[in-house]
Structures are given as structure tokens and as C-alpha cells.
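> Chains as they are written, first to last, in my numbering: chain A, 6 to 326; chain B, 6 to 326; chain C, 23 to 515; chain D, 6 to 330.
None of these hints come from the bench; they were simulated from the model.
There may be inaccurate statements among the hints.
Using 30 angstroms as the maximum straight-line C-alpha spacing, the simulated BS3-like pairs for lysine-lysine come out as follows [to be verified]: (1) Lys268/A to Lys214/B; (2) Lys214/B to Lys214/A; (3) Lys214/B to Lys268/B; (4) Lys268/B to Lys268/A; (5) Lys122/C to Lys268/A; (6) Lys356/C to Lys268/B; (7) Lys231/C to Lys268/A; (8) Lys122/C to Lys214/B; (9) Lys122/C to Lys214/A; (10) Lys231/C to Lys122/C.
Facing chain D, a subset of chain B residues (Cβ under 7 angstroms, in silico) [said to hold, decoys possible]: (11) Leu46; (12) Leu51; (13) Thr91; (14) Arg150; (15) Thr152; (16) Gln156; (17) Arg158; (18) Asn190; (19) Arg191; (20) Thr192; (21) Gln216; (22) Thr241; (23) Thr247; (24) Thr292.
Glycine included, C-beta positions come from ideal geometry on N, C-alpha and C.
For reference, the chains in residue letters:
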Amino acid sequence: MAGLVHGPAGRNLGLVIALVLLCVVGTFTAGDRFADVNNVLTILRLAAVIGVVSIGMTFVIASGGIDLSVGAIVALASVWATTLATQAIAEDTHWIVLVTTALIVGTACGLVNGVLIAYGRMAPFIVTLAMLAAARGLAEIIAQRRTQIVQDRDFIDFFGGSVLGVPVLVIIFVLVAIAGWVVLNRTTFGRRTLAVGGNAEAARLAGIKVQRQTMYVYVLLGLLCGLAAVMLMARTTVGTSTHGLLYELDAIAAVVIGGTLLKGGRGTIVGTVFGVLIFTTLTNVFTLNNLDTSTQAVAKGVIIIAAVLLQQRTSTRRRSP
Amino acid sequence: MAGLVHGPAGRNLGLVIALVLLCVVGTFTAGDRFADVNNVLTILRLAAVIGVVSIGMTFVIASGGIDLSVGAIVALASVWATTLATQAIAEDTHWIVLVTTALIVGTACGLVNGVLIAYGRMAPFIVTLAMLAAARGLAEIIAQRRTQIVQDRDFIDFFGGSVLGVPVLVIIFVLVAIAGWVVLNRTTFGRRTLAVGGNAEAARLAGIKVQRQTMYVYVLLGLLCGLAAVMLMARTTVGTSTHGLLYELDAIAAVVIGGTLLKGGRGTIVGTVFGVLIFTTLTNVFTLNNLDTSTQAVAKGVIIIAAVLLQQRTSTRRRSP
Amino acid sequence: MTAIVKRFPGVVALGGVDLDVRPGEVHCLLGQNGAGKSTLIKVLAGVHQQNEGTITWEGREVTLGDPQAAIDLGIAAMYQELDLVEGLTVAENIFLGNEKARYGFSQRAAAAAETEKLLARLGHQEISPHREVGSLSAAGQQIVSMARALSRDARLIIMDEPSAVLDSGEVEQLFRVVRDLTDQGVAIVYISHRLEEIREIGDRVTVLKDGRTVATGLAVEDTPTSEIIRLMTGREIEYVFPDRTGEALGDVVLRVEDLRRDDEFRGVSFEVRAGEVVGLAGLVGAGRSEILETIYGARRSDGGTVSVDGKTLRRGSVNAAVDAGVGLCPEERKSQGLVLEDTVTRNITMASLGRFARSGVLDQGAERRAALEQTEALDVRPTGVDRAINTLSGGNQQKVVLARWLLRQCRVLLLDEPTRGVDIGARSEIYALVRQLADDGVAVVVVSSEIEEVLGLSDRVLVIGEGAVLGQGTADEFDEHRVLDIIMRGDAA
Amino acid sequence: GCTSNSPEASEDEGGGQSGAVSNNDEPGETVTIGFSGPAADHGWLAAINSSALEEAESYEDIELRAAEGTNDPSLQISQIETFINEGVDAIVLLPTDGAALTEVATRAMEAGIPVVNVDREFSTPFAARTTVLGDNYGMGVSAGTYACQLVEENDLTDPVIAEIAGIDSLPLTQDRSQGFADALEGCNQEVDNRVAAEFTVESGEAEASNLLQAAPQIDILWNHDDDQGVGVKAALDNANRDEMFFIGGAGSANAMRWIQDGEMEATVLYPPTQAADGIRVARLLAQQKGMSDLVQPAVPRRIVLDAPVVTADNVEEYLPLGFES
Ligand SMILES: Nc1ncnc2c1ncn2[C@@H]1O[C@H](COP(=O)(O)OP(=O)(O)OP(=O)(O)O)[C@@H](O)[C@H]1O
Ligand SMILES: Nc1ncnc2c1ncn2[C@@H]1O[C@H](COP(=O)(O)OP(=O)(O)OP(=O)(O)O)[C@@H](O)[C@H]1O
Ligand SMILES: [Mg+2]
Ligand SMILES: [Mg+2]
């Protein structure tokens, strides 16, 4: 117990409390409908796609950067993976072609971002804003603004299915979260990312190839956007240029509310996961309670502030015992 | 000339070149239609509203903060100023009531942001994200999602009019820009803002009231959002909860492309004005050339990158003669 | 290194410098602030690339494109401006870029064990490998920096003013390690403004002046200190403290009563009169900086009072202290002192903006003139107040921080390590200025790790140890031994 | 294919204000209806939502669950999943993207919950029990046909025809534009200038301002949406441009008043009452009733609403249907 309090649970105590409170409110107001297994799975499935993106975003923000183009990259990857040509090849071979295409497209976009930011020394905000416009525009051109349906049933069945009652999408999210945690906290890659975000000059003096590391985090996020596109394709059965709308705000919000500093140098995967869950649970509770959209928006604003204040209170008390 | 090159024009040489290039392209592809006085006034009128917001955003970003709620505040101010009640009072007295209401609502929202950020020590990103949700939700509730038409013709005529051929909106923008420049560069307020953004701890130890200063910049931005709401009401003749959609991205993009550092400590009003003009001119040139939306998006992305690279090139060369 | 030339925009930092270092020696690099010492060693460490000249390593000419290239050759450096990542732990910082890892996975236990060994070797077992570096004091961070240099198993270690934040005991410890290393054939390049240290540890010296070598490879034993000073400055300088004018002191201005912060210090009481300089002497980590910051309100006290002119200040409020006329010149110039990207002028006038403004609008001409006046008095180089502060050398940056507080008209001035990294020429100027301020009726409190400086500058001295006042009296009653003696005995005398 | 000649069964009761008299309106067993639509971020969609809510309100045997409006299909899917989990009696769904919501709608149907698909069609017919369509393509066709008529009546030679579309990435905008272009082709005309706005007043004003500079003379202007039309109108007034025939879309009360005052030529109705109709249909389905105005005892599979053109001649008739945006 003590270990937990000083470990991840303790560091994210405020978030845990916020989430628990939300669940209590949910159970209280919506009863069985909220506490139902299916409902929980629904929440998790919804969290999975944006969750995968947010894990990648944690790295970028921890490295002192930002990426506004995630949603656009998801859209482009989904569109590219569902073009007639790609689907034809997939039909002749295997749906893995769709997956590979999406991952490659995502990674390539991340690479462009990374190269321009790291080697072109341009502000991440600007570069990814440009990518946001360009990737979504390109997606529209490729899809001609049509919604492209995934023909391959096996693909849908695989990713849309469940293993032992747990949806595959949720499993993917959990795996990505665990991998993200290990990479951030237990590998040189993660430490270097934090070093670059914390003090790029010091990192350079220590012999870290700052530019290369910076590039890598955007590539990683691009790859995860490609994965998110696959998940979204499975979930919606289509690829379209409107996928991933405003994901940038959602992902950044989840990461920041989780406790990762926007100025870089500190990052927490556990916090990000909580951030994602809080936002998705919030939406779910709202839906169950039949709140109208405007009231939801106001409530959401107030709840965000409350959650962060709570997190601050609890972590301040912890810091000065 | 030499003075200019080393002064504002020199510092923003890349932006000037980018804007000039855009104009050349405009004249070349759309001829008289682009170089027409009316067209230039159209561009300036479109630039005016987002321009006023961007000037305020320059202060916030220079102080090391960020504000995602500007668009929502514009919406709320416009809605509040056009409710039946407000308009009834205005009818009995003077349209100045509408203006005052909008300014007060904007300032109040800015104050809430500022207090939570400065004294609540919360991350600006989170606070203003919450305000974004809450203010827009509130605007929807107040307006019941109706478009509220401004009944007072005098109001429309005043702000929609021209003085010596220059639209009042443009005059307001120019005045705000000049005032912004003076405040940022020639007053203790501006200097303190930059000091807080450059190194908040050093500023605090130097006796600057960092929290109060931080609060002030958000209040200032809120006030300018109120002003933008007035301008928008005059332009569109309505107040609605959909006003100011995505202003946050547009304003931040203009500020950052203008050369203000997102991490704070440096701010340039002249750069921001160029940033705004570049984006507005870009849209105008696209429309004159009847480009379709997707191609526009891709071109926009490429042009943003090109403009920033250009700006970098020119200012680097200047630095190492 | 031969004929190294390094130009920055508008400045020739190095205009043809030669340096040769032999295995197993301690080669001292001397020069005034801004002479080019740090720049030279940054070229050697691959941080900057020279515009002209060659670097030869073990007989081979090498190009050092980035820090990694130098590290690969066996060159490790401790930089003047601390180069640590505050959010990472001690162990992570030490092995940054050189991680203990297998297949990319960190071996945290191994790193921690190795860190403990390194810290023990430096005499600092008490620093936990898992502590976040940002929570360490400047001295603690210097130790970590040193441990990192050691961890690289380098053939050449460069130390840029490592002793600036260390007290004499810490420096002794450092020298033991240095001797250890040289015995194993490791070469050391050592930069310091404390000439007595050079005497103690150095084998040979190279002197830089205005980016040129004025003497290289002099054997320390054969060169008298006065000769070194002459080479550095081109004139004779007496290392002197200004006379205490002995004028009648004014009323009590600052009164500190039973000030306490849990886990840091307790029971601190003293008074400072107008025109008096009070010095706080003590070892690194004694809590002197904390005391000053608490008086200033930058830290919130857990008990006791601070009053200025009889009025008690609100706890934990910098604003209250500032309004009462208190100023603090902080210890950490980079994080607490400077807005690094801003100009010299703006950094100097930051704390006195009100004076240059009429209804909020600044008179930039007056601002600039005031800044120029200060920089001239303190001999900030290069001259010109419109350059960005981060293009100045470390010592000159320190002078700018000090200039800010000299410009501001305070009733009470708290100076934390005011001469950190400042060359001996400028030191005398600073001492004179502090004395001048006191004579003008300001109450001054000075903290310094150099006991000699505290004793020379102050009218009265408080000896601080382990967060408590161990002794106090007029400066004449103390000498260095007595101070150390009091600290060693540890109990209040 | 969704053209205006699909099997038609228009429900002429329009806005739910006029309480119908059929015995269908008598309270039956209470049914829970889930409703999910896109983010109500502009007038027409807001009207969709509010008319749906009002409709549900007016029946005491309907318990409505309205999910947060969203433009994210993934979120909307989870809302439908929530409804399925809850076991609602029927679902009214105005999808952000028809194809993307097909899968989950099918699941709902398989779970025995009748789904009423509103406005944007699913990619298979099996995903919905009944489809209520506003016919976006047909709307474009109506506008285009009317434009052709204007060209003919006024003897316009080589007229400049401009179009201000809605959000370009939405399939519905594509459909409208396609219908418009196809109809114009009928009289050998084409769109000379086209911009896309965002369904908001502000974007309408901004895009129209630029458009007016791009085309110094416009003969016919079709604007997809009357809400953004408020902005378009403001831009026209600002630029003192009244030379063109200004045709709107959707049919807001504002637009109809302009038509009355002669400030607008016409608007193409796109009823925002579709969701309200959907609610009614859903209630009938859940209570296993038929439509009393039809002989057939079961609710039809497909209801395509008309997209008539409102002009000065018939505006009085349609004004009560206009939604206040
Ligand atoms: N990045 C830079 N850009 C421009 N000028 C620089 C830069 N870094 C150093 N300089 C200049 O180079 C000169 C040498 O500086 P350097 O830091 O090497 O001095 P130093 O001998 O280490 O002085 P100190 O004892 O104060 O540390 C100074 O005039 C300084 O202003
Ligand atoms: N060398 C060190 N190793 C470990 N911890 C240290 C060290 N130096 C300082 N600290 C920590 O910082 C606190 C005191 O900090 P600080 O160095 O500011 O005191 P100081 O007396 O002002 O010394 P300085 O001469 O460095 O200014 C101590 O309580 C201790 O926790
Ligand atoms: Mg130096
Ligand atoms: Mg100290």
C-alpha cells in the first residue's frame, strides 16, 4: 500500500480520485447502466484510439515539442490504407497490407515533421500546423472526400473482435501503454527524450544526438498515429479524411491533465492513461445522464478545473509532508 | 533605408518577402481583381478581427502562456451583447451598451483565466481549454443556439462604415496594433511581460509581481476578445455561439509565424501583424484563383513551411554578417 | 591546440590561442572575465568549432564536430554553467549519453551502484543517486557534474571554475580527487579565478588575455602570483578590501528574529544597521542561501519574524519585502538571476523599471545610460549594453546581476555569492562598490563561500553551520581558523 | 443511389407543433429512444436537435436519451454502443458519417433495436429499419433547376454562377454540390466560382467577402445553408452588391423573411424536422404501430423528404416551417 502511494498511484492521486469520483457519480446517477461490464468496455474501446495517440504525444511533449497534426495523420493513413489500389492488393494477399500501409504513411508523416523540426530547426507548432493542413488536404484529394469502406471482413473481424471478452482494440491500447511506460522510464531512449526536453543544451553537451532524438519522437508518434488509423478503420469500417478531427486537442489535453509538463522534461504515461480515461468516462456519464450538449460543455470546463485543482492539492501535500 | 533594414522591416525581412511574394503571385494570377483597392480593403477587413485577437495573444504568449479560449470568449461576448435584454436597454439608451457589454464579458472571462492561472498556479493550456468548453457552452445556452440579429442600425453603420475610405474595422485594428506595439516595447507593462516570459523566477526575485502581471495579460486578451466580438457583430450583423470558431489556432499561428517564441520571453507585434496578413492574403489569393478546399489546405501547409524557412534564412544571415 | 581562432557574430572570442597539455599534469587556464577561457575549452570539448587553427590529440590532428566526438576521444568536461537536466535523477544525469544499458534497457541498479561509488570518491555519500538534480543546491549540482566527468574514464578532464560554488573543505576534497587522477596519468585543465588554488594544485599555467595567449606553459613554481596577475590584467593589482570607514552606524534597519524553516535552519536572529555590512560565513550547504531567500520572502518561513524599519514583513511574500526596500542578489545567476535572451540593459534595469518610467512609459535613453554607467563601473566586457546576456562570459554575467542590485536603491541589500566567478580585478571594484553603498546608508548582508571575503568585507560576521548561528561578532574578532574552528565544533559559542 | 424519385412517402405534418389527430398520438407503453447526432454547432443542426427534443417532449410515452453531439464517428459509435448496452427500445441516428456508423447500427439491429437513420445514409440497407432522408443531392438538384429557370426567364447570356458550399469534407456537401452541378448541366451551365464555408455566420461572411472580390459580377449565387447565409448576406450588404439572384438553402425563418422583403430570391428547403420525424417513427416502431395515414400497417422502410424551392410566391405557405436559426 505504502509502495503504491509513493509509486504511480500516489503521484497521480488527484487523477485517481477524480476518476473514482466520476465513477461514483456515474453509478449514482445511471446505476446499473454505468457499472455494467459492457458499458465499461464501451468506455475502454472509445479510449483506445485516442489513447494510443496520447501515449505517443506524451513522448513528443516530454521532449519539449508539440504535435498538432496527429488527427490529420490518422485521417491520411486511414484514407491511404483504404484506397481501391491498396484494398485490391490486400485482397490478393492479406489484410496485413492495409495495416502496413497505414503504419508506413503515419511513420512517413512523422518523419517529415521530425526532420523539419530537428534538422530544419523550425518551431514544432508551426511545422505540425502546416502538416495538419497538408495531410488533411491530401487525404481529401486522395479520397475525393468520399468515405472509403473497408472491404476486408477478416480485417474488421480481427481488430473488431475480442479475446477472452476483452476487445482487441483495448488489448492494443494496453500493450501500447505498457510499452510506452517501459520505453519512457526504463530505456535510454526514454531518458534521452526527457533530457532533451528538460535541457536540450545540457543533453547536447552530454553527447546526446539531440536532433536525432527529437526526430525519433515525432517518428514514433507518427507510427502510433498509423496504428490509431488502423484501429479507427476497424472501429468505423471506413477510411475517411474526416477521421481524427480535433484529436490534437484531445490528445494534448489528456497528456497535460495527466501531469506531463508542456515545456518538456517530465512525462508520465500513467498520468496520460488516466487523462484519457477521465475524458472518455466523462462523455459516457454525460450520455447516460442525457445532458444537453451545451450544459455538457460547461460542466466539462468546470470538471477539468476541479480535477486539476484536486491533483495539485494532493500532490502538493505529498511534496511537503 | 539602413535604419529600416535593421529596424522592424529587417527583423521581419523574411515575413515581408513572403507577403510580397504572395502579393506578386496574387497580381500575377488574378490581375486587377487582386490589386484592386476594394480587394485590399476586403483583405484588411478580414484581417481586422483575428488581428485584434492576435495582438492580445502576442502578449499572452510573450509572457510564457497560451490561451485556447479566445474564440469561445468572442462567441460568448457577442451572444451576451445581443440578448433581447441587452438590446432592449441599448434601444432605450445607446448602442454603446452593446459595446460595453461585450467588453465587460470578454474582460471577465480573461479575468477568470488570469486568476486561475496566476493565483491558482494551473497550466494555462488546461485553464483555457476548460474556458473554451465552458464559454462556448454558456454562449449556446444563452442564445439557445439561435443567431441573434443586431437590431441597432446605428451600431452596424458606425462600425461597418468608413472614414476617408478606410473601414472603421481596419482603423480599429491599426490603432490596436500601434497601441500594442507601444505597450509591449515602450512601457513597464510590456517589459515586465517579457521578463515574466523569459524567466519567471528571475522576474520574481527582481521584485516584479509575477502573478499580477500574468493575470493582467489574460485580462488584456479578454478585453481584446470583447472588442473582436464587437467588430464581428458589426461585420456579420449578428451575435452567435458559432462566432470565433478555431480562432485559437489562427491567432496562435499568426503570432508564432510572426516570430514570437512559444516558450515566452520574446514578442513582436509587427511580426504578428505580418503573420495575420499573410494568412488572410493567402485565403484571398486562393479564392480569387478558385482553388478547391483540399488543394488550398495542401498549398497552405507548404507555404507556411516555406515562409518560416525564408524568415529563418534571412534572419540568420543578418545575425552572422 | 595551436593558433585557435573562434569568432562569434561581432566578437572575436579567440584570436589565435595555443595550449598544450601533457598527460598527468594539471594545466591551469587563467585570464580575466571574458578572456576566452570557456570558449577555448568548449572548442576543445567539441561544443564550438574553431574557425581557424588545429587540435592535435596524441599526435593526430582531429576535428571535433560535436561533444560526442570529444567524448569518444576521452575528453570529458565540466562546464562553467551547470549542464544538468533538472528533472532527471542524479544517477541518470551522471550516465546521460553514456547509459548503463543492455539492448537499450536501462540497468538502473548498476547505474545507482556505480553512482554511489563515484559520489563516495568525491566524499559525498549523502547524495542519493535517486534524488532529482533540480532539488540539489548549486554545490550539490557541481558535485554531480564532477561525478559525471569522472564516470567517463576520460584521459583529459576539463574543469571550468569548479570551485566557484565550493567552500574550502569541498575544494580540498576536489584536489584529492584531482591528484588521484593525475597519478593515473589523466590530464586536467583547470580554470579558476582563485589564484591560491592555482598555487596549490597547478603544474603549469597558460594565461589568456583578450582572446590571445600571453603566456603558455609557465611552471607554477617559478612564477610569482604578482607576475600572473600582471600577465592577466596588464597592471598590478592589490587584492585588497576597502577600509571600513568606521563612520557612526545608523538605526537598525533589518531585524531578523528567531527565523526558522523546518529541515533547513532554525533560531536565526540578527540585526543590521544602516551603513553596516554583515557577512554570513559557513560551509556549503549550511543554509545561508536559504536564510537570505527566506528573509526576502522567496521561501516561506515556518516561524520567526523579519522586520524592516520596525515593520514586520508578511511571511512568504517577495512583494512585501520589495515594497519595504529589500533586494536580493540571488546565488544562481542562470536560473534565478538572468533573462538569458534579453539584452544587458534590460537585465540591469529589470528591478528598477519604475524609475525610468513616467506613467508607465519607459524612457529608454535614461535606461540605457544608467546601464552603461553600471557596466563601466564594473568593467563588463565586451562593452555595449545592447547585446544579449547569453553571449557574455560567466563572470561578466555575474557582474550584470550585481549591477541590477547596485542600480536599485534599496534599504536592505542581500548579496548571495556576489563575486562568484568574477576575476580579481573586478572583485576589488565590487568590494569598493559594496562599501560605498553601505556608506550611503544601506544595510548589506553578504554571503560568500570564501571566508576571507566575508571577513574582509563585513563589519560583523555570523558563522552559520548546520542551519544554526554558531557564533557572531565583529569581523576583527575572527580569522579564517577561528571560523572553521567554530564550524567544526558545531555548537553555538 | 439517392435521387429525388426514390419511393416517396412524405410525412406532411412537418414541425411537431401541430398536434396530429390520429390515434397514433394516444399514449402507449413508455418507450426509451436513443438519439445521437452531429455536434449542434450551427443553426440547422441546432434546429435538428431542438426539434427532436421538442418532439420527444410532446409525447409523454417517450423517454429520450440524447447523446452529446459530436463530429467524431468513433465517439458516436460508442454512444450507440452505450444505447445498445442500455437496451433502449429504438435508436434515432443522424450519423456524422453514414458508412462509419453502419457497423454499429447493424449491431443494434441485430440486438433487436430498430434504428431510424436520418439524413445521412448508411452503406447497407440492413443497418436501419427505416431511413428518413432529407435528400442532399435532391436539394442541389432543386437549386440547380431553379437556377436554370432563372437563366431562361431572364435571358442571361453566359451568366456567372457562384456557389458557397458548406463544410467541404462532409459527404452531404459533396452531394449537394454534385446535384447542383448535374442540374446546371441540364441547361449547359456550370459553376464559375466556388468557395466552401463552415456553416457558420462568420465563415459565410469571410468566404463571401473573398468570393465577391473574385467575381466582380455574379448573376446567380447559391449558398448551401441559410445560417451561414446570414453572413453571406452581411457580406453582400457590406460590398453593396445586389446584382445577383441570391438563393439559399435549408430554409431558415430569416431567409423566408428576406424572401418576403424581396432581399433574397429563393431558398431550397431542407427540413430540420427530419430528426423529429425520426423520433416519431422510432416511437411507432418501438410500440409496433404503423403509420395511420397509410394503408399499410407497418412503417415504411424509406421516407424521403421533399426539397421544394421557396420563393416569393409560396413563402407564406412555408414560413411556419422555417426554423429560427
Ligand atoms: N555564444 C556567444 N556569442 C557571442 N559571443 C560570445 C559567445 N560566447 C562567448 N562570447 C564572447 O566570447 C568572449 C570570451 O568568453 P568566455 O566565456 O570564453 O570568457 P571566460 O574567459 O570564460 O570568462 P569568465 O571568467 O567570465 O568565465 C567574451 O567576450 C564573450 O562575450
Ligand atoms: N554538497 C551538498 N550535498 C548534498 N546536499 C547539499 C549540498 N549542498 C547543499 N545541499 C542541500 O542544500 C541545502 C543547503 O543549500 P545551500 O547550498 O544553498 O546552502 P548555503 O549555505 O547557502 O550554501 P552555498 O554556499 O552553496 O550557498 C542543504 O540543506 C542540503 O540539503
Ligand atoms: Mg568562463
Ligand atoms: Mg548558497
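> Confirm or reject each hint.
Verification of the supplied hints:
1. Note on Lys268/A and Lys214/B: the hinted pairing holds, with a Cα-Cα distance of about 22 angstroms set against a maximum of 30 angstroms.
2. Between Lys214/B and Lys214/A, the direct Cα distance comes to roughly 39 angstroms. Violation of the 30 angstroms bound is thereby established for this hinted pair.
3. A C-alpha spacing of about 20 angstroms is found between Lys214/B and Lys268/B, which places the hinted pair at or below 30 angstroms, so the restraint holds.
4. With a C-alpha separation of about 7 angstroms, the suggested pairing of Lys268/B with Lys268/A holds against the 30 angstroms cut-off.
5. For a cut-off of 30 angstroms, the pair hint linking Lys122/C to Lys268/A stands: about 27 angstroms separates their Cα positions.
6. Taken as a hint, the Lys356/C and Lys268/B pair is honoured in the structure, with Cα atoms around 17 angstroms apart against an allowance of 30 angstroms.
7. At roughly 40 angstroms between alpha-carbon atoms, Lys231/C and Lys268/A are farther apart than 30 angstroms, so this suggested pair is violated.
8. Between Lys122/C and Lys214/B the CA atoms are separated by roughly 45 angstroms; this puts the pair beyond 30 angstroms, and the hint is violated.
9. For the hint pairing Lys122/C with Lys214/A, the CA-to-CA distance comes to about 17 angstroms; that is within 30 angstroms, so the pair holds.
10. Using a Cα cut-off of 30 angstroms, the hinted pair Lys231/C and Lys122/C is violated, with the two alpha carbons roughly 41 angstroms apart.
11. Because the smallest distance between the Cβ of Leu46/B and any Cβ of chain D comes to about 9 angstroms, over 7 angstroms, the interface hint for this residue is violated.
12. With 7 angstroms as the threshold, the beta carbon of Leu51/B comes within range of chain D, its nearest partner Cβ sitting at about 6 angstroms, so the hint holds.
13. Proximity of Thr91/B to chain D is violated relative to the hint, the smallest CB-CB distance being about 18 angstroms (cut-off 7 angstroms).
14. With its C-beta approaching chain D no nearer than about 4 angstroms, Arg150/B sits inside the 7 angstroms limit, and its interface hint holds.
15. With 7 angstroms as the threshold, the beta carbon of Thr152/B comes within range of chain D, its nearest partner Cβ sitting at about 5 angstroms, so the hint holds.
16. Evaluation of the Gln156/B hint against chain D yields a violated restraint, the C-beta minimum of about 13 angstroms exceeding 7 angstroms.
17. Annotation: interface hint on Arg158/B violated; nearest CB of chain D at approximately 11 angstroms, more than 7 angstroms.
18. A cut of 7 angstroms between beta carbons decides the hint on Asn190/B: the least distance to chain D is about 31 angstroms, and the hint is violated.
19. At a threshold of 7 angstroms, the smallest CB-CB gap from Arg191/B to chain D is about 33 angstroms, leaving the interface hint violated.
20. With a cut of 7 angstroms, the hint placing Thr192/B at the interface with chain D is violated, because the nearest CB-to-CB distance is about 33 angstroms.
21. Violation of the interface hint for Gln216/B is found here, the shortest Cβ-Cβ separation to chain D being roughly 35 angstroms, above the 7 angstroms cut-off.
22. The criterion of a C-beta within 7 angstroms of any C-beta in chain D is met by Thr241/B, whose closest approach is roughly 5 angstroms, and the hint holds.
23. Annotation: Thr247/B was flagged as interfacial toward chain D, and the flag holds, the nearest CB pair being 4 angstroms apart, inside 7 angstroms.
24. Look at Thr292/B: its Cβ gets to within about 4 angstroms of chain D, closer than 7 angstroms, so that hint holds up.
The earlier numbered hints that this structure contradicts are 2, 7, 8, 10, 11, 13, 16, 17, 18, 19, 20, 21.
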